[in-house]
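Given the sequences, and given the hints that come with them, work out the whole structure.
Note that the sequence shown covers residues 99 to 336 in the numbering used here.
Incorrect hints may have been included.
Stated by the list, open to error - Result set (BS3-like, lysine-lysine): computed pairs, CA atoms no more than 27 Å apart in a straight line:
#: 1; residue 1: K100; residue 2: K204
#: 2; residue 1: K139; residue 2: K164
#: 3; residue 1: K311; residue 2: K120
#: 4; residue 1: K100; residue 2: K262
#: 5; residue 1: K262; residue 2: K225
#: 6; residue 1: K100; residue 2: K225
#: 7; residue 1: K226; residue 2: K164
#: 8; residue 1: K314; residue 2: K262
#: 9; residue 1: K120; residue 2: K100
#: 10; residue 1: K262; residue 2: K311
#: 11; residue 1: K203; residue 2: K218
#: 12; residue 1: K226; residue 2: K157
#: 13; residue 1: K157; residue 2: K262
#: 14; residue 1: K100; residue 2: K311
#: 15; residue 1: K100; residue 2: K139
#: 16; residue 1: K226; residue 2: K204
#: 17; residue 1: K314; residue 2: K164
#: 18; residue 1: K314; residue 2: K120
#: 19; residue 1: K204; residue 2: K262
#: 20; residue 1: K225; residue 2: K203
#: 21; residue 1: K311; residue 2: K139
#: 22; residue 1: K314; residue 2: K100
For the record, the hints were derived by calculation from the structure and aren't laboratory data.
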Amino acid sequence: MKNIIITGAANGVGKAVANILKENNLILIDEDNNNLEQVAKDLNGQFYICNLANENDIKILLNDIKNNYENIDCLINCAGMWISGDMSKLEQPIFDEMNSLERIKKVIDTNVFGTIAMIKSIFPIMKKQGYGQIININSQSGVMCEPPFPIYNATKQSTNAFRKAIQDDLARNNIKITDVCPGLIQTDFYIRANNELPQEIMENGLTPEDVAKTVKYVFELPHEITIPSIEVRNIKNY
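Below, the structure written as structure tokens:
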């Protein structure tokens, strides 16, 4: 069994990834205390409550992980927040609320800072042990710019650029990193942002289990085989 860290594990894709990899030692991270504790109980995993937008939370988390685990085989970054709205629509109440400066900062800090901070914090462990794997749940927005979601695009393009920039450095240290870039997913991701999408649109999305199967495929490849980035979407969502 491998020691696997999964962020955003309380809901959606993170929860599905945890479930499909449940035969391993799971270290589950989220800021959603109620859901995370239940997921950890169901999957016999260890859980940590952590706000990945908060530097001190991450420092405490990593200190605990270092004290309790000699090795970390894989880090899977699933935590993320949704934000939508063309600049010209921000006066509309739904988009005005979603795009408050406070919330914009939280989205950027979660999607970008949280991902980078986890990689930066886990890298020394993997370097010391001589191997490792990192899988980021990115997005189609990290591959192409989708005009109605400028801030979300900016966060996903940022982490995509970061992954590309560190790819060679990690490989020299025998650490693989992959961006899994899904299209629309049928989760409550949008509802939690108060931006529920119409049912006819959601029906064309992937399920969390579809994305989890893609993660499992990448996770189970021989170590000498690496996929820098993989796109996945429902065939109806083009």
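Hint check against the structure, violated hint numbers in rising order: The structure breaks hints 1, 16 and 20; every other hint is satisfied.
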